[in-house]
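2 protein chains.
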Amino acid sequence: MLLLFSRNTLLKILNPFFVYFSSDKKLFHELKNILGFFPSNIELYKQSFRHSSIAKHVKKGMRDSNERLEFLGDAVLNLVVADYLFKMYPYKDEGFLTKLRSKIIGRSMLNSLAMKLGLDIMLDSSLDNNPKNFSINGDAFEALIGAVYLDKGYACAQDFILNRIVRLHIDMDEIETKETDFKSKIVEWAQKQRKVLKFNLLEEIGEGNDKLYHVEVLIDNEQKSSSLHYSKKRAEQIAAEKACITLGL
Amino acid sequence: MLLLFSRNTLLKILNPFFVYFSSDKKLFHELKNILGFFPSNIELYKQSFRHSSIAKHVKKGMRDSNERLEFLGDAVLNLVVADYLFKMYPYKDEGFLTKLRSKIIGRSMLNSLAMKLGLDIMLDSSLDNNPKNFSINGDAFEALIGAVYLDKGYACAQDFILNRIVRLHIDMDEIETKETDFKSKIVEWAQKQRKVLKFNLLEEIGEGNDKLYHVEVLIDNEQKSSSLHYSKKRAEQIAAEKACITLGL
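Line by line, the protein sequences give chains A and B.
Residue numbers for the first sequence, in numbering that gives the first Met the number 0: 0 to 248.
Residue numbers for the second sequence, in numbering that gives the first Met the number 0: 0 to 248.
There's no promise every hint is true.
Stated by the list, open to error - Derived EDC-like pairs (lysine to aspartate or glutamate); straight-line CA-CA distance at most 16 Å:
(1) B:210 / A:215
(2) B:151 / B:66
(3) B:151 / A:82
(4) B:86 / A:82
(5) A:151 / A:42
(6) A:191 / A:219
(7) A:86 / B:150
(8) A:223 / B:206
(9) B:86 / A:206
(10) A:151 / B:42
(11) B:210 / A:173
(12) A:31 / A:215
(13) A:86 / B:66
(14) B:223 / A:206
(15) A:210 / B:150
(16) A:241 / A:221
(17) A:86 / B:63
(18) B:241 / B:180
(19) A:98 / B:66
(20) A:91 / B:150
(21) B:91 / A:63
(22) B:91 / A:206
(23) A:55 / B:92
(24) B:86 / A:66
(25) A:232 / A:202
Said to hold, decoys possible - Label pairs and their in silico Cβ distance ranges:
(26) B:105 / A:107: 44 to 52 Å
(27) A:206 / B:194: 19 to 27 Å
(28) A:19 / B:13: 47 to 55 Å
(29) A:134 / B:10: 44 to 52 Å
(30) A:241 / B:62: 35 to 43 Å
To be verified - Among the chain B residues that face chain A by a calculated CB cut under 10 Å, a handful are:
(31) 28
(32) 29
(33) 68
(34) 117
(35) 123
(36) 124
(37) 189
(38) 217
What the hints contain is simulated information worked out from the structure, not anything from laboratory work.
Glycine residues also receive a C-beta, built at the ideal position from the N, C-alpha and C atoms.
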């Protein structure tokens, strides 16, 4: 009788039984809520939540942290979002698509998505809430995507990213029109806190199209960050973003 | 009778007939040789070979060049290679994997792969063989991967990249051990041509871990290229690579 089912159908039917008797029952259910399905290889998901600060050495120079999964998940996310934007904007050029993608998969967006999914609570880390460690949630989010990809394949990872993340949590119209404007953010903060904020052009390096701008952010005459870019505007934005991170904004 | 076949099987059976009567018969066969299968949507592949120098405007500000496909193909290649390396080196950290990947999907490797596949002959471009245009073949290669992904899906693109490119044309041992050493290459060239080659540190920008090195390459006291990097060694390599390109090496 059972032979009539395919292997996948059989696994789907039996999975709830495995879960019920598993010592990781709680984690299985938490992941079901996030992903929409029960994982097959739970160890991958455990690893995705393991920050390098608490990882153990498994081999010489090799630790069981989430960093390798993050490397893979980053590439999965990159492709899924590229594909989505490619089809969503059939008459926009690659410059537009690249810019929009970088807003979606940028650190601040990934961190905020990770918090929305509750990954910050699930993360195993020995780090405190210092704003300097601000990206560990976003990193774990990428690692989780890597785990889904390895566990269930590309189509499933794509489905998770699009149907559970992009379509639920990302307002494309807002992202499209709104510049990620860290400069305005820090200007506003400085006004509220009555601090003296200054963007300072330290130097211009090179000539013509290859000219680089070296910009620093000063708060009450103390350097908070600096940045280099071929566009002065972009250099200021990057320096402002770094300063926002340092200040925990 | 025909109803017994699935849609995909039917398409597979009928495809050679379509190809035989198609006005693009030649292109179909050339692509079969490269990809290992007949394309379904031939227009995608035509677009992948259309460089922006000869593309037409299809809408205001929008041209039918291969640049959008390149954007997509780049992300596909990125993931397929990440996945391959992740599984090939289970005990190497993400730093190792990132470095190895960048060697495989770097411009010079993509260009050389594109030439091996004969894409340079298939490319529609109004550009001459100026070494400044050196990356158009690699770009078309990425666009071709984008076309395969859209036409046949991720699994097929993965199969094409791994079985027709990576396993046939890339010697992993060689890549792993050999630094892409443009500095040695240009030093050798200068000795042969009896030119005076100099790597010059123009300036050091910033302090501590954020220090940037600005390096130039001089040949017979004439600047050929320059580069900025946090590592002096890397800055020299990048400047050497740029100079190699300018010199057509």
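Checked hints:
For the given pair, residue 210 (chain B) sits about 14 Å from residue 215 (chain A) by alpha-carbon distance, which is consistent with the 16 Å threshold. With a C-alpha separation of about 19 Å, the suggested pairing of residue 151 (chain B) with residue 66 (chain B) is violated against the 16 Å cut-off. About 14 Å separates the Cα atoms of residue 151 (chain B) and residue 82 (chain A), which keeps this hinted pair within 16 Å; it holds. A hinted pair counts as satisfied when its Cα atoms are at most 16 Å apart, and residue 86 (chain B) with residue 82 (chain A) does not qualify at roughly 24 Å.
Restraint check: the Cα-Cα separation between residue 151 (chain A) and residue 42 (chain A) comes to about 13 Å, which is no more than 16 Å; the hinted pair holds. For a cut-off of 16 Å, the pair hint linking residue 191 (chain A) to residue 219 (chain A) stands: about 14 Å separates their Cα positions. Under the criterion of a C-alpha separation no larger than 16 Å, the hint pairing residue 86 (chain A) with residue 150 (chain B) is consistent with the structure, at around 13 Å. For the hint pairing residue 223 (chain A) with residue 206 (chain B), the CA-to-CA distance comes to about 14 Å; that is within 16 Å, so the pair holds.
At most 16 Å may separate the alpha-carbon atoms for a hinted pair to count; residue 86 (chain B) and residue 206 (chain A) exceed this at roughly 45 Å. Between residue 151 (chain A) and residue 42 (chain B) the CA atoms are separated by roughly 32 Å; this puts the pair beyond 16 Å, and the hint is violated. In summary, the hint linking residue 210 (chain B) to residue 173 (chain A) is not supported, as the alpha carbons are separated by about 37 Å, beyond the 16 Å threshold. A hinted pair counts as satisfied when its Cα atoms are at most 16 Å apart, and residue 31 (chain A) with residue 215 (chain A) does not qualify at roughly 46 Å.
A C-alpha spacing of about 14 Å is found between residue 86 (chain A) and residue 66 (chain B), which places the hinted pair at or below 16 Å, so the restraint holds. Note on residue 223 (chain B) and residue 206 (chain A): the hinted pairing holds, with a Cα-Cα distance of about 14 Å set against a maximum of 16 Å. For the hint pairing residue 210 (chain A) with residue 150 (chain B), the CA-to-CA distance comes to about 41 Å; that exceeds 16 Å, so the pair is violated. Restraint check: the Cα-Cα separation between residue 241 (chain A) and residue 221 (chain A) comes to about 14 Å, which is no more than 16 Å; the hinted pair holds.
Between the alpha carbons of residue 86 (chain A) and residue 63 (chain B) the distance comes to roughly 15 Å, so the proposed pair stays at or under 16 Å and holds. Restraint check: the Cα-Cα separation between residue 241 (chain B) and residue 180 (chain B) comes to about 12 Å, which is no more than 16 Å; the hinted pair holds. With a CA separation close to 14 Å, the supplied pair residue 98 (chain A) and residue 66 (chain B) stays within the 16 Å bound. A distance of roughly 20 Å separates the Cα atoms of residue 91 (chain A) and residue 150 (chain B); the hinted pair therefore is violated under the 16 Å criterion.
Under the criterion of a C-alpha separation no larger than 16 Å, the hint pairing residue 91 (chain B) with residue 63 (chain A) is consistent with the structure, at around 11 Å. A distance of roughly 41 Å separates the Cα atoms of residue 91 (chain B) and residue 206 (chain A); the hinted pair therefore is violated under the 16 Å criterion. For the suggested pair residue 55 (chain A) and residue 92 (chain B), the alpha carbons sit about 13 Å apart, so the restraint of at most 16 Å is met. Taking the CA atoms of residue 86 (chain B) and residue 66 (chain A), the gap is about 14 Å. The hint holds against a cut of 16 Å.
The hinted pair formed by residue 232 (chain A) and residue 202 (chain A) meets the criterion: a straight-line CA distance of about 14 Å does not exceed 16 Å. A C-beta distance of roughly 29 Å is found between residue 105 (chain B) and residue 107 (chain A), which places it outside the suggested range of 44 to 52 Å. As the Cβ distance of residue 206 (chain A) to residue 194 (chain B) is approximately 24 Å, the hint placing it in 19 to 27 Å holds. A beta carbon spacing of about 49 Å between residue 19 (chain A) and residue 13 (chain B) agrees with the range 47 to 55 Å that was offered as a hint.
A hinted range of 44 to 52 Å holds for the C-beta pair residue 134 (chain A) and residue 10 (chain B), which are about 46 Å apart. In this structure the hint that residue 241 (chain A) and residue 62 (chain B) lie 35 to 43 Å apart at CB holds, the actual value being about 36 Å. Restraint check, residue 28 (chain B) versus chain A: the minimum CB separation of about 28 Å is more than 10 Å; hint violated. Contact between residue 29 (chain B) and chain A, as hinted, is not supported at the beta carbon level, the nearest pair being about 25 Å apart and thus beyond 10 Å.
The interface hint given for residue 68 (chain B) is met, as the beta carbon of that residue sits about 9 Å from the closest beta carbon of chain A, less than 10 Å. With its C-beta approaching chain A no nearer than about 25 Å, residue 117 (chain B) sits outside the 10 Å limit, and its interface hint is violated. Interface hint status for residue 123 (chain B): violated, as the beta-carbon distance to the closest one in chain A is roughly 18 Å, over 10 Å. This hint is violated: residue 124 (chain B) has a C-beta 17 Å from the nearest C-beta of chain A, more than the 10 Å allowed.
Below 10 Å, beta-carbon pairs count as interface contacts, and residue 189 (chain B) has none with chain A, the closest being about 23 Å; its hint is therefore violated. A hinted interface residue such as residue 217 (chain B) counts as satisfied when its beta carbon comes closer than 10 Å to some beta carbon of chain A; here the least separation is about 15 Å, so the hint is violated.
Checked against the numbered hints above, the structure breaks hints 2, 4, 9, 10, 11, 12, 15, 20, 22, 26, 31, 32, 34, 35, 36, 37, 38 and satisfies the rest.
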